[in-house]
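Residue numbers (this note's numbering), protein chains in the order written: chain C, 1 to 403; chain F, 1 to 403; chain A, 1 to 403; chain B, 1 to 403.
No lab work stands behind these hints, which were simulated from the structure alone.
Accuracy of the hints is not assured; some may be wrong.
Unchecked claim - Here chain A is said to cover these stretches of chain F; the calculated rule only asks that three of the stretch's residues, wherever they fall, bring their Cβ under 8 Å from a Cβ of chain A:
{"no.": "1", "region": "108-114"}
{"no.": "2", "region": "233-245"}
{"no.": "3", "region": "369-378"}
Said to hold, decoys possible - Keeping only pairs whose Cα atoms sit at most 25 Å apart, straight-line, the calculated PhoX-like set for lysine-lysine is:
{"no.": "4", "chain 1": "A", "residue 1": "Lys289", "chain 2": "F", "residue 2": "Lys397"}
{"no.": "5", "chain 1": "C", "residue 1": "Lys289", "chain 2": "B", "residue 2": "Lys393"}
{"no.": "6", "chain 1": "F", "residue 1": "Lys122", "chain 2": "F", "residue 2": "Lys28"}
{"no.": "7", "chain 1": "F", "residue 1": "Lys51", "chain 2": "C", "residue 2": "Lys397"}
{"no.": "8", "chain 1": "B", "residue 1": "Lys289", "chain 2": "A", "residue 2": "Lys397"}
{"no.": "9", "chain 1": "C", "residue 1": "Lys393", "chain 2": "C", "residue 2": "Lys328"}
In this text the structure is predicted, and so the values were computed from the model without any measurement.
The beta-carbon is built from N, C-alpha and C at its ideal position, and this holds for glycine as well.
As a plain string of letters, each chain reads:
4 protein chains.
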Amino acid sequence: MFEYTERTKQLQEKLLRFMDDYIYPNEKVFKEQHAALDDPWDNPPILEELKTKAKEQGLWNLFLPDSEYGAGLSNFEYAPLCEIMGRSSIAPEVFNCAAPDTGNMEILARYGTEEQKERWLKPLLAGEIRSCFGMTEPEVASSDATNIQTSIRREGDEYVINGRKWWSSGAMDKRCKLAIVMGKTDPNAELHKQQSQILVPLDTPGVTIERHLKVFGYDHAPHGHAEVTYDNVRVPVTNVLLGEGRGFEIAQGRLGPGRIHHCMRLIGVAERALEAACERVSERVAFGKPLAAQGAVRQDLARSRIEIEQARLLTLKAAYMMDTVGNKVARREIAMIKVVAPNMACNVIDRAIQVHGALGVCQDSFLAAAYAKARTLRLADGPDEVHRETIAKLELKPYRRDK
Amino acid sequence: MFEYTERTKQLQEKLLRFMDDYIYPNEKVFKEQHAALDDPWDNPPILEELKTKAKEQGLWNLFLPDSEYGAGLSNFEYAPLCEIMGRSSIAPEVFNCAAPDTGNMEILARYGTEEQKERWLKPLLAGEIRSCFGMTEPEVASSDATNIQTSIRREGDEYVINGRKWWSSGAMDKRCKLAIVMGKTDPNAELHKQQSQILVPLDTPGVTIERHLKVFGYDHAPHGHAEVTYDNVRVPVTNVLLGEGRGFEIAQGRLGPGRIHHCMRLIGVAERALEAACERVSERVAFGKPLAAQGAVRQDLARSRIEIEQARLLTLKAAYMMDTVGNKVARREIAMIKVVAPNMACNVIDRAIQVHGALGVCQDSFLAAAYAKARTLRLADGPDEVHRETIAKLELKPYRRDK
Amino acid sequence: MFEYTERTKQLQEKLLRFMDDYIYPNEKVFKEQHAALDDPWDNPPILEELKTKAKEQGLWNLFLPDSEYGAGLSNFEYAPLCEIMGRSSIAPEVFNCAAPDTGNMEILARYGTEEQKERWLKPLLAGEIRSCFGMTEPEVASSDATNIQTSIRREGDEYVINGRKWWSSGAMDKRCKLAIVMGKTDPNAELHKQQSQILVPLDTPGVTIERHLKVFGYDHAPHGHAEVTYDNVRVPVTNVLLGEGRGFEIAQGRLGPGRIHHCMRLIGVAERALEAACERVSERVAFGKPLAAQGAVRQDLARSRIEIEQARLLTLKAAYMMDTVGNKVARREIAMIKVVAPNMACNVIDRAIQVHGALGVCQDSFLAAAYAKARTLRLADGPDEVHRETIAKLELKPYRRDK
Amino acid sequence: MFEYTERTKQLQEKLLRFMDDYIYPNEKVFKEQHAALDDPWDNPPILEELKTKAKEQGLWNLFLPDSEYGAGLSNFEYAPLCEIMGRSSIAPEVFNCAAPDTGNMEILARYGTEEQKERWLKPLLAGEIRSCFGMTEPEVASSDATNIQTSIRREGDEYVINGRKWWSSGAMDKRCKLAIVMGKTDPNAELHKQQSQILVPLDTPGVTIERHLKVFGYDHAPHGHAEVTYDNVRVPVTNVLLGEGRGFEIAQGRLGPGRIHHCMRLIGVAERALEAACERVSERVAFGKPLAAQGAVRQDLARSRIEIEQARLLTLKAAYMMDTVGNKVARREIAMIKVVAPNMACNVIDRAIQVHGALGVCQDSFLAAAYAKARTLRLADGPDEVHRETIAKLELKPYRRDK
């Protein structure tokens, strides 16, 4: 109880050393190399160097529970590792554990045909290409997946795709080669059988990257969130995933684990923010004493510690339940961490900003950028309110009068 | 991980059945019998009946980790059981697991001489008498234990005790026979060696129960919190616990487990408050639909569920650490749950009151009384601010410049 | 702007002196006299003495805007005076400005016939009798007034009343002689024309005070909240107020000013709680320095000051609008202060309790009792959620698509 | 009471019309013109066009209480106008009411010599040049002004300035010609007499704009926040403001009004965010109904309305007190709004973001940028904690034991 497995402990140790040896010292290098590039959507060379190192050390594809293709770790085993990666914005990709590729690789590993795996899963697992996920549309509320308007119409041996997606994260990256697109193959089928997911090579004629979307002023280059139009895009029928009408089913399977990774990483970044706050208040002097000697500051540090601990425990429990009783039974716990983790991270980072003063909001610290990301995750997979609604529904079920 | 032990599961099942069969149905009986008594500090007869039943079923002294005298459960094993008892205000005593007797029994079991055990521990374990703990004094801030003013002066083979204590919980009860009193035997010794703890039979000449203290209007009869004066009270030197100057040491050992029990019980009462809220909103209609259909109500139910889950996990972790690495190493976790559990309970109960309307604040529901208790526990073992201070101190330790 | 009128300033000064000279010193006297009474629903003699003094000084019926019967002050002029009275639980009645009599006197002054005024308004204005208001019923959600079930059926020259009311505040008081009862004269009329209000002398056969309701353990004696049954209670038809079917209309007119008084008083009690907190932290020492030197304590004092100031300004603005544009146009502001004032008071008092430690929750301070009252006022005139709903409705009106 | 003056009402009307006619429709134009510029620190031509129009309509320099140079409005009169300007990020400059010029113009108008006025105040009042204020330094906590390290050493008829400033807002703008720099002329004088303020033309040799600082990823071009070094910068002795050693005194006078303008503008932007939220929830449909029909959303709209109203009233009161009793007596109220306004704005904007979903965090809405600014204002003039400390100090003063 409250102990990690041996495997996790060994990987934790290795990972922590790697962070110290290669990740933290190279955050600045990454930044400088990126600043020197002509095209912000190119990648700094340091990234590939680090990926090679991570691969050599066996710190690669740890996210994938499938032991044929990945590390074969359970969610509970992976959680503390994912948390560590979350401490640095450059780390997840170094270990080939970055969103949205992780979710896409899981889908391909679980539902892909041999041919699909050969063509897309292999290079993704090798870290040679990247991918995006085309789900959210600007015109409709995406917290309700049945709203989707993109059409996927069959014509002979091809599907013809028409629609507009935005927040296709990663699509700006020059190495992004594949989009998994969700759309409607049959608008007349029953509500959850209308959607399909389909593989669309990004170089297919008719696919246009319209622009990139900023998050609180950040372009998140070289990753980037794109608005993408699909104008009579044609792909072979074999590109459909799992079969027509099964898009919703795939989405459900994808979102559970995909999103718990976000929660884990948020815990990591919150830890780092708290450390930065402790560091700062211990050295910064105002009104004759270090900030660390001020009661109000100390109370806030304690609040952050308490919130982090509680969020971590709840995330671990959700991971454990996903492993043992499955995503469906664990949906209450998944909904809870989706509310808890980003809110906790926003609070903890905001307090860290506060003790950093103006330094905390500018480019000289990681805090403001981390806040912007955490804030966005209160929306990215449906707003807090929708998850609380899910929890309330489950809570009230035993009391329903009409049952 | 996140699983209770077999022993806990079996006792949980038994306990839950006992609650359903005997505790809940008799809460009203207890109230009515108590209302009919001439003296509010007498006990309703139903209590002894229930105690006999609990003893028969082996649901007795579960709190005591010492397996010679009690159940021999670890904190982690006891936590989920204590939580269940916390659901009813009459339950803890029925199972002989009520404060402050539990803490006093632990002290006696651990530090008592054979004679002390024979005279006091045995009847306490048998549920024949009750006891109180005389620590807090009205004149000084008790969050800082070095402030204590009560004097314990040796004269020959006796100690002479002089002082004024308040919030001696349980001292109003007619069956209360023993006070464990904390005072200073040597005001000139070093700071944490000045205090001693001593056994004082409540019928010793010079001991006067001055009055009872109410909590938010509640007298908590027949238990009750007393203000007690000690006026030249003489007890034999053999009544000292562990030895002169070791009072602080005993207090430290007592407070850890004693207080985690409060946290566990608070989780139980919060669960019951949430259940009451769900029940209420499912049946109460306003503006044409059940309260359960209102979004604001549902969001609040979800908030309560989230807070309870997180508090429970943190409490379990603290219990686990107390068992495995000891109270000292676990002091960060203990401090955290002392902040988290009562605040969580206040929030959850307050939300339950809100959906009950005026019913929630009066004697027809358990909610207002439960709130008053939970609120008091934000102070009873030092205020939130002191615990957060402890947490901050530990958090900042690695960053200290003067280390 | 932000200045009180001359009249208010003069009365403020007078009132403050009266508080210092007569109210604060007699709070303890009131308590002791009350404790010495045989019947808790009798009144301590000090009360009549103080009322005589207040009358002599012209500090009497200040609440009544009608200048024929009362002081003729506007809401804006009365607000700062009512705030002062709110500082002591015994003050409002001393100045004949206590709920629910104030609301009842307003109704009688505005809607009563000459005969009704002669019989009831006169002795109420003279402080000779007291009254209660029978609205809330235990079986239905009273936040929705159309739910009321009590029936008022005409039979010849009489109305026959049947129903059960609770939370009839003041009905326990021996001097309470009159109930204004709300019930349905015509359940088939349109929704807001079904109700009537009727005068019921409390000694009418069929009226039974069933029991008193406690608020968080307080019985609020000698005032007290009663559950009252009406069993075939017969009163002459002339006892109806304003006319059959106009009960809802009267209620609307009553609640606006009636409730703003609560808000004003809450500001007063919050001020006193903040003063008590400042006093306490300035004298109490812990860990080697006064609590006032601790940063966390100081931040909380500032929070309280900020919340009080904002609540006061909003209440004054609502009062000003009620005076200038009327209750209907001011309903947004009225709804806002109903949310703001009790929540502010709960927060401020809770923080004051926190720095008082255990003293703050017991009978030795006014804080816990004040908290219980403030908490109840988050429900007494409909829960926070209902007022926020009103505000949202008004806010969204200009954006409605169906307009 | 609670009424604006006639003059304010007239200007309000005029200003609102100007906003509708010229500001809102040109926000997009400004953006597009700016995007098309080669240098982001140049200004879009639309700006000068709008300034001309504003000047023609007499909506110019409204901020300046001095009626010789400006509109001669009191703070209380200006507040509601400044609020309106705060609704658009391009508006303040259009009306020549943008920070930090407003504060600099006030200093020059109040303390400047005729020569200083001629050279700097005149073109500033005419909107021909812009200015910056060099106060904050990267190395020391600027919430404590005595920490400043920049040296201003006299050598003959010149002062020699050496130091490093950052967050010199506006210094990136090509039209910025003047820095008012705060530094120490005499480090051995008494604490508040060490500092002086001095006029430094930005083209003086030795002044280097090192780089610009981003706020949550935004560069705030063409305004921009600069890090500026002063390396043996020489200016004539006549450039000192008011006299040697009087820098602290000037700063005190500057910060009061300067910062209350921020508060006013924050109220304006919060209003606009609430309007955007209402608009959005009225049109956006999820789960079969508009967001406006969801209880949780409606509660949040009400919360925002309540917070805005309270912040506005407190700001108006502070303005009124500054006008009537002066900045020193009003320092409690000034401290209060510095806490209240930015926190309120953060909350209101954050809730607006939440109902906008991903749209709310990207460049397609003004919300994320507005949040970043509001968040920064929780730090810009000292953190919340410092203002609360000021309030607590004043609150506790009457209770001090050592007085």
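Hint check:
1. By the rule of at least three residues with a Cβ nearer than 8 Å to a Cβ of chain A, the coverage given for the region 108-114 of chain F is violated, with 0 such residues.
2. Residues of the region 233-245 of chain F with a Cβ under 8 Å from some Cβ of chain A number 0, which does not satisfy the need for three, so the listed coverage is violated.
3. Coverage of the region 369-378 of chain F by chain A holds. Counting CB-CB distances below 8 Å, 6 residues qualify, and the rule asks for three or more.
4. Under the criterion of a C-alpha separation no larger than 25 Å, the hint pairing lysine 289 of chain A with lysine 397 of chain F is consistent with the structure, at around 22 Å.
5. Restraint check for lysine 289 of chain C and lysine 393 of chain B: satisfied, since their Cα atoms lie roughly 18 Å apart, inside the 25 Å limit.
6. Only pairs whose Cα atoms come within 25 Å are accepted, and lysine 122 of chain F paired with lysine 28 of chain F is rejected, the gap being roughly 31 Å.
7. Restraint check for lysine 51 of chain F and lysine 397 of chain C: the C-alpha separation of about 35 Å exceeds 25 Å, so the hint is violated.
8. Between the alpha carbons of lysine 289 of chain B and lysine 397 of chain A the distance comes to roughly 17 Å, so the proposed pair stays at or under 25 Å and holds.
9. For the given pair, lysine 393 of chain C sits about 14 Å from lysine 328 of chain C by alpha-carbon distance, which is consistent with the 25 Å threshold.
When held up to the earlier numbered hints, the structure conflicts with 1, 2, 6 and 7 and fits the remainder.
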